[in-house]
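Asks: Residue numbers (this note's numbering), protein chains in the order written: chain B, 1 to 128; chain D, 1 to 163.
Derived from the structure by calculation, the hints contain no laboratory data. Glycine included, every Cβ here is placed at the ideal spot set by N, Cα and C. It cannot be assumed that every hint is accurate.
To be verified - Label-pair ranges, simulated between beta-carbon atoms:
id, chain 1, residue 1, chain 2, residue 2, range
1, B, 18, D, 93, 52 to 58 Å
2, D, 111, B, 29, 45 to 51 Å
3, D, 48, B, 112, 29 to 35 Å
4, B, 55, D, 135, 52 to 58 Å
5, D, 148, B, 53, 31 to 37 Å
6, D, 125, B, 53, 25 to 31 Å
7, D, 96, B, 127, 32 to 38 Å
8, B, 52, D, 96, 42 to 48 Å
9, D, 132, B, 3, 52 to 58 Å
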Amino acid sequence: MNKNYLACVISHGSFGCSLKNAVHKLVVPETDVCCFSNQDMSLEVIEERIRELMEARKPDKVFIFVDLVGGSCWLSANRLKKNRDDIFVIGGVNMPMLVSFHVNLNRLETKALVEKIILDGRKGILSR
Amino acid sequence: MDIQLFRIDDRLIHGQVVIGWAGYLHSEQIILCDDSVAANDWEKELYLSVVPEQIRAMVFSVNGLTEHLLQGKDDYSKTIIVINSPQIIEHLLQAGVRLKTVNVGGIHFKEGRKKYLPYLYLSEDEVHSFKRCMEKGVNFECQDMPATRVVPLGNLLEKNINE
């Protein structure tokens with residue numbers, strides 16, 4: 001269903017790459033997730049690198065996960081999305097969300113996939 | 001002029017500003033000053049959308065901020081002003097705005113910039129611009145977050161020349 005796609009995580013510090021590696025301990029990844037840290041790179045450079053990836057891979061759909069809604073990564077992701085219906089920006093990425101992304105990527109249509117992974121991300125937050 | 005925090009940050013309004021500094025300082029207002037954001041409604045809306053409801057937020061062009069500061073009518077003691085380059089400081093000084101201390105919160109990597117701190121990369125033009133401002137009496141303190149160490153920019157630039 002979502003065969004030709006690009007998935008990226010943009011995060012503060014090493015969070016995105018560590019999250020990606022941790023998720024790979026739980027599931028066989030359905031796709032490579034490219035991770036970008038805002039630690040050193042300017043937002044301009046991050047955006048340029050993702051644009052280059054989009055140009056090279058020509059994906060039908062792009063999923064950009066960010067750690068903090070309202071943070072600099074969120075700003076970058078929204079600039080990339082601007083006026084494009086094929087790019088989906090998902091804020092508040094966590095482990096259950098990224099696991100769900102890999103599990104459901106080839107099972108669900110894009111809209112249902114985005115709804116499902118947000119739901120699973122939320123389901124993974126609780127207290128007892 | 002008593003401005004709560006005058007910050008240079010190439011990311012303008014983002015997490016470090018709204019969660020880090022505004023929370024720590026109990027700021028009531030954030031002013032973003034950037035010509036390209038001021039001229040672009042989409043960008044303006046994006047930046048304003050990330051500011052929590054309890055904080056007023058405004059976007060000014062460089063000339064707009066200059067006029068605003070020169071009028072000197074407003075109280076900025078609970079205001080964070082954020083810009084993205086030292087060249088804007090030069091413009092403000094040239095126009096007659098007086099600034100004592102400026103926080104250098106982040107200028108990040110891109111081609112042509114050299115690393116000074118993990119959050120501070122500067123081009124030669126930027127270094128010269130900072131130096132001209134320092135000659136006019138502006139004190140630059142590098143500090144990305146309230147809990148991190150303050151590094152005087154003057155020392156950093158001097159150290160780099162000697163290395």
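Asks: Hint by hint, say whether it matches the structure.
Replies: Hints, verified against the model:
1. Evaluation of the 52 to 58 Å hint for residue 18 (chain B) and residue 93 (chain D) yields a failure: the beta carbon distance comes to about 43 Å.
2. For residue 111 (chain D) and residue 29 (chain B), the hinted distance range of 45 to 51 Å is not satisfied, since their beta carbons lie about 32 Å from each other.
3. Roughly 32 Å separates the CB atoms of residue 48 (chain D) and residue 112 (chain B), a value that falls within the hinted 29 to 35 Å.
4. Separated by about 44 Å at the C-beta atoms, residue 55 (chain B) and residue 135 (chain D) break the suggested range of 52 to 58 Å.
5. Distance hint check for residue 148 (chain D) and residue 53 (chain B): the Cβ-Cβ separation is about 32 Å, which falls inside the suggested range of 31 to 37 Å.
6. One distance hint, 25 to 31 Å for the beta-carbon pair residue 125 (chain D) and residue 53 (chain B), holds here, with the actual separation near 30 Å.
7. Restraint check, residue 96 (chain D) to residue 127 (chain B): a C-beta distance of roughly 56 Å breaks the suggested window 32 to 38 Å.
8. At about 44 Å, the CB distance of residue 52 (chain B) to residue 96 (chain D) agrees with the hint of 42 to 48 Å.
9. Under the hint 52 to 58 Å, the C-beta atoms of residue 132 (chain D) and residue 3 (chain B), about 55 Å apart, fit the expected range.
The structure fails to meet hints 1, 2, 4, 7 from the earlier list, while all remaining hints are met.
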